[in-house]
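Colleague: Sequence:
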Amino acid sequence: MPLRVYDTLKQKKTDFVPIHPGKVGMYVCGMTVQDKPHMGHMLAFVSGDMIRRYLMYLGFDVVYVQNFTDIDDKIIDRATKEGVDYRVVVERNIEAYHRIAREVNILPATHYPYATHHIPEIIAMVETLIAKGHAYAVDGDVYFRVRTKPDYGKLSKRDIDDLISGSRVEVGEKKEDPLDFALWKASKPGEPAWDSPWGKGRPGWHIECSAMAVKILGETVDFHGGGEDLIFPHHENELAQSECATGKEFVRSWMHNGLLNLRGQKMSKSTGHFFAMEDVLKEFRGGVVRFYLLSTHFRSQMEFSRERLENARAALERLENACRSMDERLGRLGSGPSVSTPAGRKLVEAAREAKTRFLEAMDDDFNSAGAIGHLFDLIKTYNVLLDQDEASVAQSREGLEAVWSALTEFDRILGLFKNGLPRTQEDIPADVQKLVADRNKAKQEKNFQLADEIRRQLNDQGFVILDTHSGSTVRRR
RNA sequence: GGCGGCAUAGCCAAGUGGUAAGGCGACGGUCUGCAAAACCGUUACUCCCCGGUUCGAAUCCGGGUGCCGCCUCCA
1 MPLRVYDTLK
11 QKKTDFVPIH
21 PGKVGMYVCG
31 MTVQDKPHMG
41 HMLAFVSGDM
51 IRRYLMYLGF
61 DVVYVQNFTD
71 IDDKIIDRAT
81 KEGVDYRVVV
91 ERNIEAYHRI
101 AREVNILPAT
111 HYPYATHHIP
121 EIIAMVETLI
131 AKGHAYAVDG
141 DVYFRVRTKP
151 DYGKLSKRDI
161 DDLISGSRVE
171 VGEKKEDPLD
181 FALWKASKPG
191 EPAWDSPWGK
201 GRPGWHIECS
211 AMAVKILGET
221 VDFHGGGEDL
231 IFPHHENELA
241 QSECATGKEF
251 VRSWMHNGLL
261 NLRGQKMSKS
271 TGHFFAMEDV
281 LKEFRGGVVR
291 FYLLSTHFRS
301 QMEFSRERLE
311 NARAALERLE
321 NACRSMDERL
331 GRLGSGPSVS
341 TPAGRKLVEA
351 AREAKTRFLE
361 AMDDDFNSAG
371 AIGHLFDLIK
381 TYNVLLDQDE
391 ASVAQSREGL
401 EAVWSALTEF
411 DRILGLFKNG
421 LPRTQEDIPA
431 DVQKLVADRN
441 KAKQEKNFQL
451 ADEIRRQLND
461 QGFVILDTHS
471 GSTVRRR
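Sequential numbering from 1 applies to the first sequence in the working numbering.
The set of hints was computed from the structure by calculation and includes no laboratory data. Each residue gets a CB set at the ideal place from its N, CA and C atoms; glycine is no exception. Any given hint might turn out to be false.
[Unchecked claim] DSSO-like cross-link-like pairs, simulated, lysine-lysine; straight-line CA separation at most 30 Å: (1) Lys36 with Lys174; (2) Lys266 with Lys12; (3) Lys248 with Lys23; (4) Lys13 with Lys248; (5) Lys346 with Lys380; (6) Lys266 with Lys282; (7) Lys175 with Lys200; (8) Lys36 with Lys215; (9) Lys149 with Lys248; (10) Lys174 with Lys132; (11) Lys175 with Lys188; (12) Lys149 with Lys81; (13) Lys13 with Lys157; (14) Lys188 with Lys215; (15) Lys282 with Lys36; (16) Lys200 with Lys10; (17) Lys174 with Lys74; (18) Lys355 with Lys380; (19) Lys81 with Lys282; (20) Lys81 with Lys266; (21) Lys248 with Lys266; (22) Lys149 with Lys74; (23) Lys418 with Lys380; (24) Lys132 with Lys10; (25) Lys200 with Lys174; (26) Lys12 with Lys215; (27) Lys132 with Lys157; (28) Lys200 with Lys215; (29) Lys174 with Lys149; (30) Lys149 with Lys132; (31) Lys36 with Lys81; (32) Lys154 with Lys215; (33) Lys23 with Lys215; (34) Lys36 with Lys74; (35) Lys355 with Lys74; (36) Lys10 with Lys149; (37) Lys10 with Lys157.
[To be verified] Restraint-style ranges between C-beta atoms, simulated for each label pair: (38) Pro2 with Thr80: 47 to 55 Å; (39) Asp85 with Arg475: 44 to 52 Å; (40) Ala131 with Phe376: 54 to 62 Å.
Please put together the full structure from these sequences, using the hints given.
Modeller: What follows is the structure, encoded as structure tokens:
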């Protein structure tokens with residue numbers, strides 16, 4: 001089955017055909033780094049990462065670009081307020097982004113272009129647009145002449161004449177038409193500025209993405225993604241500029257994720273209505289956050305709440321427990337010959353089936369939520385077989401390995417675990433192991449008071465006791 | 001007002017024509033010195049409402065109702 005991808009512009013799913021066979025160019029709009037990353041950003045970046053991982057899984061050579069817009073009015077405002085250079089604000093937030101991205105296991109992008117590092121490319125594109133009559137300079141500003149792009153509005157499905165009533169002209173702007181938007185803005189004294197043919201200034205908001213995408217990925221890119229709130233005006237303008245500058249189709253498939261709501265309202269930096277990622281991560285591991293974000297289709301709008309993260313944590317633990325259970329049994333089997341057992345054969349079949357369904361779901365517009373459902377089908381089959389005939393499962397290395405390897409593949413795509421599937425062999429400190437041994441002894445001697453005391457002690461150190469037939473083991477909480 | 005989207009069990013959530021995945025929770029059970037954990041089982045005769053198309057619809061069409069997003073800060 002071919003990979004089907006929904007495109008915001010065409011408003012339908014189509015079979016994915018790469019521009020260059022075997023290769024995919026993907027551009028995801030990153031942050032304007034005026035503030036710290038929040039959960040809403042993570043929805044966009046984790047979705048993009050999952051998509052990228054799947055494309056890689058399918059064997060594509062993926063060039064993944066995620067920009068940092070490191071100059072704009074809000075950044076300047078923030079720096080002024082703090083009395084620091086704008087770069088201080090920028091670097092702090094970029095560093096925070098990378099720290100959090102590692103925590104939620106987002107693969108590093110192939111390129112992280114910064115707007116301020118591409119001023120020559122931006123100026124060149126603006127000059128091209130002026131030369132072609134799509135843009136004009138006025139008193140150090142340069143504006144894009146929207147009326148010269150007949151299909152302007154095609155991405156956001158807006159009618160150019162309806163937009164006029166809603167458009168604004170800021171004081172001091174000298175646009176020919178209220179719809180026109182800035183490609184280059186003259187700077188005021190004291191503001192960060194770059195030399196240009198139009199005098200000192202800085203790039204307008206949308207142009208950096210056009211210039212950097214074209215430079216790194218070429219005039220037409222396979223995928224361009226970001227939050228739904230970027231469709232208008234950001235992506236609409238990006239599209240207009242790029243296509244006018246190059247004369248080529250800019251993007252094959254636009255992919256927009258639904259927005260993350262908090263108490264029914266969109267999370268947003270400007271309103272302060274958001275959960276900062278660093279706070280969320282104090283309470284929930286990156287894997288939990290990731291599981292939560294991937295358990296709904298990325299185009300759907302999602303609601304954020306502690307309860308939902310707790311739900312995700314419980315679900316993820318179910319998966320982790322099954323992994324540990326398999327790992328333990330595989331460990332006991334050692335490297336002896338595999339015995340073919342009824343349960344083992346069922347596991348092999350179940351793993352094959354789960355893999356087929358998992359990939360089908362992923363092929364259908366990267367439906368990670370559906371795929372996760374099929375993953376849990378496999379977990380359930382494993383647990384049921386274990387419950388029905390433990391010996392038959394435990395003797396079948398073939399069956400255990402089939403399931404293990406299917407889960408490993410799934411996680412290459414989902415990226416839930418930074419260090420591979422959870423295993424039983426954890427590094428338990430010697431003093432903790434000693435306490436476990438002491439407690440086992442106490443239990444044997446029916447000294448339950450001491451046993452309970454040790455359990456409390458271990459709990460305080462962050463370990464939970466797992467009592468089984470074959471003695472007690474311990475695990476990090 | 002214009003445009004886009006959504007409505008599936010207590011909660012979350014897949015499913016776009018063939019008779020309701022999965023997760024959480026709850027309840028019952030297994031195990032256990034107790035507990036925790038873990039595991040098993042049960043948990044939507046039905047998919048917001050009303051019509052229509054069809055042998056057959058959660059899925060398609062028409063009309064309602066409700067909710068959300070965008071309409072130049074935003075992932």
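Colleague: Against the structure, test the hints numbered earlier, and report the numbers of the ones violated in rising order.
Modeller: 1, 12, 16, 21, 35
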